[in-house]
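Fit chain H to the given chain B structure using the hints.
Chains B and H, in that order, are what the protein sequence lines are.
Each residue of the first sequence is one higher than the last, beginning at 1 in the numbering used here.
Each residue of the second sequence is one higher than the last, beginning at 1 in the numbering used here.
It is worth saying that the hints were derived from the structure and are not from the lab.
These numbers were taken from a predicted model, which means no experiment stands behind them.
No incorrect hints appear here.
Which chain H residues stay away from chain B? Per the calculated CB distances, all over 12 Å, these: (1) H141; (2) T224; (3) N295; (4) G324.
Derived DEER-like restraints, expressed as beta-carbon distance ranges: (5) B:A472 with H:I61: 26 to 32 Å; (6) H:T213 with B:D63: 36 to 42 Å; (7) H:E74 with B:I127: 48 to 54 Å; (8) B:T73 with H:F53: 36 to 42 Å; (9) B:V468 with H:T187: 31 to 37 Å.
Where is the CB? At the ideal position from N, CA and C, for every residue including glycine.
Listed below are the residues making up each chain.
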Amino acid sequence: MSAALAEAPPETRVHYLNANYGIKSWLLTTDHKRIALLYLASITLMFFVGGAMAVMMRIHLIDPAGALVHPDTYNKLFTMHGVMMIFFFLIPSIPAVLGNFLVPIMVGAKDLAFPRINLLSWYIFIIGASLTLYAMVSGGVDTGWTFYTPYSTTYANSQVMATALGVFVSGFSSILTGLNFIVTIHKMRAPGLTWFRMPLFLWAIYATSIIQVLGTPVVAIAIFLIGLERLFHVGIFDPAVGGDPILFQHLFWFYSHPAVYIMILPGMGVISEIITCFSRKKIFGYHFVAFSSMAIAVISFLVWGHHMFVTGMSVYAALIFSVLSFLVAIPSAIKVFNWTATLYQGSISYEAPMLYALGFIGLFTMGGLTGLFLASLATDVHLNGTYFIVAHFHYIMVGGAVMAYLGGIHFWWPKISGRMFPDTWARLAAAIVFIGFNLTFFPQFMLGYLGMPRRYATYPAEFQVLNVMSSAGASILGLGYMIPLIYLFWSIRYGPVAPANPWRAKGLEWQTSSPPPTQNFEVPPVVTEEAYAYGPPGSGREGAHD
Amino acid sequence: MLIQGAKSGLLAALQTSPGIPIFPPRASTIAGGVDQLHYFLTVLTLFFTFVIFTIIFYFMIRYRRRSEDEQPPETVTLMPLEITWTLIPTLICVVVFAWSASLYFRNANPPNAATEIIVIGKQWMWHIQHQEGVREINELHVPVGVPIKLTMTSQDVIHDFFIPAFRVKRDATPGRYSSLWFQATKTGTFHFFCAQYCGEGHAAMIGWVHVMTPDDYAAWLAGTNRGETMTQAGERLFHQYGCVTCHVADGTGRGPSLVGQFGKPQKLRDGQSLTVDEAFLRRAITQPNSMPIPNYAPVMPTFQGQLNEEQILQLIAYVKSLGGEERKAKGQ
Chain B
1 MSAALAEAPP ETRVHYLNAN YGIKSWLLTT DHKRIALLYL ASITLMFFVG
51 GAMAVMMRIH LIDPAGALVH PDTYNKLFTM HGVMMIFFFL IPSIPAVLGN
101 FLVPIMVGAK DLAFPRINLL SWYIFIIGAS LTLYAMVSGG VDTGWTFYTP
151 YSTTYANSQV MATALGVFVS GFSSILTGLN FIVTIHKMRA PGLTWFRMPL
201 FLWAIYATSI IQVLGTPVVA IAIFLIGLER LFHVGIFDPA VGGDPILFQH
251 LFWFYSHPAV YIMILPGMGV ISEIITCFSR KKIFGYHFVA FSSMAIAVIS
301 FLVWGHHMFV TGMSVYAALI FSVLSFLVAI PSAIKVFNWT ATLYQGSISY
351 EAPMLYALGF IGLFTMGGLT GLFLASLATD VHLNGTYFIV AHFHYIMVGG
401 AVMAYLGGIH FWWPKISGRM FPDTWARLAA AIVFIGFNLT FFPQFMLGYL
451 GMPRRYATYP AEFQVLNVMS SAGASILGLG YMIPLIYLFW SIRYGPVAPA
501 NPWRAKGLEW QTSSPPPTQN FEVPPVVTEE AYAYGPPGSG REGAHD
Chain H
1 MLIQGAKSGL LAALQTSPGI PIFPPRASTI AGGVDQLHYF LTVLTLFFTF
51 VIFTIIFYFM IRYRRRSEDE QPPETVTLMP LEITWTLIPT LICVVVFAWS
101 ASLYFRNANP PNAATEIIVI GKQWMWHIQH QEGVREINEL HVPVGVPIKL
151 TMTSQDVIHD FFIPAFRVKR DATPGRYSSL WFQATKTGTF HFFCAQYCGE
201 GHAAMIGWVH VMTPDDYAAW LAGTNRGETM TQAGERLFHQ YGCVTCHVAD
251 GTGRGPSLVG QFGKPQKLRD GQSLTVDEAF LRRAITQPNS MPIPNYAPVM
301 PTFQGQLNEE QILQLIAYVK SLGGEERKAK GQ
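The shape of chain B in the complex, shown without the other chains:
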């Protein structure tokens, strides 16, 4: 790669952003990088819609009697917040934005295996998102994002069908994206890029894709059955005609627990990239980190019952699900230890992506350890359905997945946009997000143990102090999320021009120019070293003896 070419200002060089112009060149593109940006714009919108609902909920809960809205509206707010954030932000976030942008470049290919299917998956996503947004503006839905029967099938008088259809449709987008990644990673790796030379981001995306392809059809079936039940009263979940409402929970969580890993595994991949880059060290225990992703993908399919310990499940089934739930914690612990050990004797710098990554490790550690409370049968009985659950999964999904997503967006922003973001602002935002997050969600652990149930529009006065703390934190957190939105937009026009490799990172994506040309590489790359060969020159090269 000629340095002169790579360092040329983006205006004078043809790259994927300026290769052609006009709305059609975006809406009909099959370039994975442009599709990634389409996803970025769509899910950012969904994130702020879902976030606005969270802010309204937290304002409402300042007062035990409810400060803002009618209970019915509150129920719709938490339902739509959950649906937006899970199905239309977290699940597509890292895979569909960063994965779409990076998977082909990281494997050294020109595009994904099926570029048109990739574009199709975005259109399917947009149809699903539009249906859900339509459901929101035409009255909203109040079933909870979990759609529990028989409430969702027989009793709810809100836009259940439109929302369910939106979620159902968006599932196909997720399946197609996963399929595309699996095929790309299997078949399109550059010469020399063996499985165990792949960046851990690819391993994480690969594990995620497997869950997407295998799990999503099950939730699609479950949601399809809800539609059938609402339209034709077939009685699968209706006890009055011999159906079983608990069956829905089994089907739903069979997908929705692995879905937690769809959200967090790609984040773990991002963290592996960032930690190694900003400590200039090869990852500690590459194989352990890679295989732990695969172990999580497999075990995650066997733990769904821990959402149902208080449904009246048999004691023996509960014991099995409990032990498997403990088991799934171990690969996560292995990752945390390996990331920490990677820092040892490193050359560590603290640009914004690294701050997000370190924040991720801390918050994910807490989120993971509080999961043990819920895998434990005796404590789960008390904590199930309370704010403890809310706090726990927000530590994983916001403290974990969103921190990783933001870290990844910052890390690859120079590559994506060709511009540097203002690092001082970015560090400030990372700190505000970290503080706001903890202030919002830590009190909720305490609320949960005190016994405050989740999804309560009003609550007894003794819970008020902790609720006010949480609401105060939410306002800080909201501010923290607004700042990057502003300066990243600003940087597109005014940011300094990014060099090809501003962080001196390893990995194929840093060997091409910023932003990359449409075909990603001027010359098809050949891989001659392991991932993260940050060590002394030559030490990571194994081509000679391998």
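Relative to the frame of chain B, chain H by itself:
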């Protein structure tokens, strides 16, 4: 040994804890055990979070980049280290699992002598009925020191009966019976909540458990204007709905006699054998055709929709009163 030590230390800390609103009231026999485990897990979480944070901060400072050109040494993967930090979390998980599972297992079954109280959830209130016939809404009066078994169901959607002070919770699901049990250890008034989202009035499905001394409880029962007991109401329904015309006590009717049947095994035509329990009787009343019995024609009509959940439970109480083996308490 280590766990025992940790347990007793935690218990001591628990007892001296001042009035900071971190723990809900501890008012049942199992609450102490759950709190010990919770304490242990909290300490574990804080310890590991502290260790990870400390190491990260130490490395961040110790190995901060001092110049752009510095060259960190090659990462060496140490197998013994990997094995150590795989085994330690595994061991911790095994210990916590064993601890929590044994606690759960021990408390899964109500004692045989438990007093049964009926709880029916409906949008958006809790109907409670004592065997003596007293009905309550969103209030539950119980005597202290007596094991209480709540038999629960729902008239509509899934609800969940949650008493934080007792550390117990169980779904009330339409079409099936679930049970939870507790034994209160102190008198007082404690919140109960609906902990499964059930619609607009979910947050209003709150009530109070009143734990009374046995004398006060007896006086309360006596002083409350009650009609029939559950058994009497069941007997009335048994006649009113014509059950009695087929289920004749001496066994000469078109249906089997129900005398002495409760708790006994019953063979179905397809060969399977079921215990005559609450769930069996409920199904027999609402979906009789789903369980034909040998030697009897399947002629019983369904009473689905004609009887509400409370009436079905009253009929079951009546059938129980006709004798039979006291069912061995089973885990749900």
